[in-house]
Amino acid sequence: MHNQILADNKNILWQGKSFKKRLIRISIWLLLIMIGVISAMTLEIRWSRMGTLATALDTISRFWPPDISIWAEMGMPVLETIMMALLGTVTSVIISIPVIIMAARNIKIPFKTFFYIVGRFIIIISRSVHELVWALIFVTALGLGAFPGVLALSVRSIGFISKMMAESIENIDENQVEAIEATGANPIQIWIYAIMPQIIPTLIAVLIYRWDVNFRASTILGVVGAGGVGYLLDIAMKTYTYGRATAVIIVIIILVGIGELSSAKLRDKYVKESERG
Amino acid sequence: MKGGSLKLKNKSEKKPVWHYKDPKERTKSLLIWAIGFGILIWGSSILNFHFARLFKAWFPLSNFFGRLLPPDLSYIPKNVIWPLIETIQMSVLGTILGIFLAIPVAWLAAYNISPLKPFSYILGRGITVVTRSIHVFIWSMILVALLGFGPLPGILALGIYSVGFLGKMWAEEIENIDHGQVEAIEATGANRFQIIFYGVLPQIFPSFVGLSIYRWDINLRASSVLGMVGAGGLGYELNRTINLLAYKKTASVLFVIIIIVIITEFLSAYIRGKIS
Chain B
4 MHNQILADNK
14 NILWQGKSFK
24 KRLIRISIWL
34 LLIMIGVISA
44 MTLEIRWSRM
54 GTLATALDTI
64 SRFWPPDISI
74 WAEMGMPVLE
84 TIMMALLGTV
94 TSVIISIPVI
104 IMAARNIKIP
114 FKTFFYIVGR
124 FIIIISRSVH
134 ELVWALIFVT
144 ALGLGAFPGV
154 LALSVRSIGF
164 ISKMMAESIE
174 NIDENQVEAI
184 EATGANPIQI
194 WIYAIMPQII
204 PTLIAVLIYR
214 WDVNFRASTI
224 LGVVGAGGVG
234 YLLDIAMKTY
244 TYGRATAVII
254 VIIILVGIGE
264 LSSAKLRDKY
274 VKESERG
Chain E
954 MKGGSLKLKN
964 KSEKKPVWHY
974 KDPKERTKSL
984 LIWAIGFGIL
994 IWGSSILNFH
1004 FARLFKAWFP
1014 LSNFFGRLLP
1024 PDLSYIPKNV
1034 IWPLIETIQM
1044 SVLGTILGIF
1054 LAIPVAWLAA
1064 YNISPLKPFS
1074 YILGRGITVV
1084 TRSIHVFIWS
1094 MILVALLGFG
1104 PLPGILALGI
1114 YSVGFLGKMW
1124 AEEIENIDHG
1134 QVEAIEATGA
1144 NRFQIIFYGV
1154 LPQIFPSFVG
1164 LSIYRWDINL
1174 RASSVLGMVG
1184 AGGLGYELNR
1194 TINLLAYKKT
1204 ASVLFVIIII
1214 VIITEFLSAY
1224 IRGKIS
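Which chain is which? The protein sequence lines are B and E, in order. Remember, the numbering used here sits 3 above the position in the first sequence when you count from 1. Remember, the numbering used here sits 953 above the position in the second sequence when you count from 1.
Simulated from the structure, these hints should not be mistaken for laboratory data. Here the structure is a predicted model, which is why all the values come from computation and not from measurement. Backbone N, C-alpha and C define an ideal beta-carbon position, used for all residues, glycine too. Hints may be right or wrong, so weigh each one.
[As the list claims (entries may be wrong)] To spell it out: a stretch of chain B is covered by chain E in this simulated footprint if at least three of its residues, at any positions, have a beta carbon under 8 Å from a beta carbon of chain E; those stretches are:
{"hint": "1", "stretch": "34-46"}
{"hint": "2", "stretch": "56-69"}
{"hint": "3", "stretch": "89-97"}
{"hint": "4", "stretch": "130-136"}
{"hint": "5", "stretch": "141-154"}
{"hint": "6", "stretch": "256-263"}
Here chain B stands alone, though its shape is the one from the complex:
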């Protein structure tokens, strides 16, 4: 064929696209562009309600300067935010244990197929509902405060933690289990000496990652009434005291930055160390 470059007589180094492939490629692009154009055209935006550029600029100007007097009353909400992320992650691990047992294929329990489906179902539901929706549900059922926030974070984290841990248990090295079994160990000893050492590195990595994610989430959970700095932000926005809102946002940025740095540091220290063995 004319549109090929051959490395030697047999192996094709480079080949131009065939007509059919090109057609498929062009039609995929057309489809994508069409989805974009149709979305843009059918979107209902009421420009009349939006006000003019001048009003928008006026609103922007009211976000500055930040009213830092609010920082005096932020000590407790900041602490609450940090603790919500921490407790949410820890509680989630505890709740995840039965889900992991159900969802890992190689853990033998009675009625395995039934429990396997239940476990996978819990994982899917937990993962596909946003933490703010969980928070809204728990706030509606249990009232305002940090308690529903912790529950929302932990329920949302179950899916991720259980999925990763179940996969890690499915992929363990069976030889080590057999070796411990050969010494005459009972099932509990097998868990402690053969299975746990293999899955703990994954557990640490998952915990650090999930804590990072939960920390970000816990800064905004207050928007639906679940405690932390988000609550102050919500009040500031609703009372049109935008200077205070800016001050809260600054604190949130600093908090998220610290969280990201410390999780990166923890990951460097523990994850790599445990990977080395």
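Given chain B, put chain E in place with the hints provided.
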């Protein structure tokens, strides 16, 4: 060698492969555990979070979920379909906006092709850090305050928030390209843009598309709840039905959200699998 360590030795390094913790290490790890537990207990007292309350929560929770079920599916065709379409539109347009905004940012933030270093590099990295550290909900709260209710602030919020992620990932992808191909194009006498077009772009194109689709997946999840702060889509309907105490309708909205999220997750995983 002391009595504690087993005689498992790597031949190349003269370090034991495994050894018992010596007393110093043991006190250190005990101390870390103690501090960790201390923080947890302190935290739970601050948040008034204890197990008695967790058990007591069972009754109101089961009561609430009892009132959620069964979902009022007749609510879907009338009141959920349009918000659903709006949610999808918001996620698509937000992602497209994010892609267009992120391309120049990635160009600036990739050290090997960034023009006018180091100024432009710092600018590019700065943009990715700032847009990423303000949560998409905060962006949409600010934009709703500026532009009023509706899907437009949601789209802008999704676009701005996506810039950080896409710009950062693409920049890292560009920094890791095979430099030989760039040199080969350079040797033909190509100018700066030709080098980027023929030497850099073909190498990052698959990950460019993959990351965009991944971002669309994330944006759809976000746009299904952005309405809770007034930015259009399913979230608004969710908030409204809860405020009206019409929990069976809430359940039907939740049902639609779960279905659409599962479908997009499957779709994005499938397409990304096909590309790579």
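Each hint, compared with the structure:
Counting residues of the stretch 34-46 of chain B whose beta carbon lies closer than 8 Å to any beta carbon of chain E gives 6, which meets the minimum of three for the stated coverage. Using a Cβ-Cβ cut-off of 8 Å, 4 residues of the stretch 56-69 of chain B lie near chain E, which meets the minimum of three, so the contact claim holds. Three residues within the 8 Å Cβ limit are the bar, and the stretch 89-97 of chain B against chain E gives 3, so the coverage statement holds. Counting residues of the stretch 130-136 of chain B whose CB lies closer than 8 Å to any CB of chain E gives 5, so the stated coverage by that chain holds, three being the minimum.
For the stretch 141-154 of chain B, the stated coverage by chain E is satisfied: 9 residues place a CB nearer than 8 Å to a CB of that chain, which reaches the threshold of 3. Figure legend: the stretch 256-263 of chain B, annotated as covered by chain E; annotation consistent (4 residues with Cβ-Cβ distances under 8 Å, at least 3 required).
Of the numbered hints stated above, none is contradicted by the structure.
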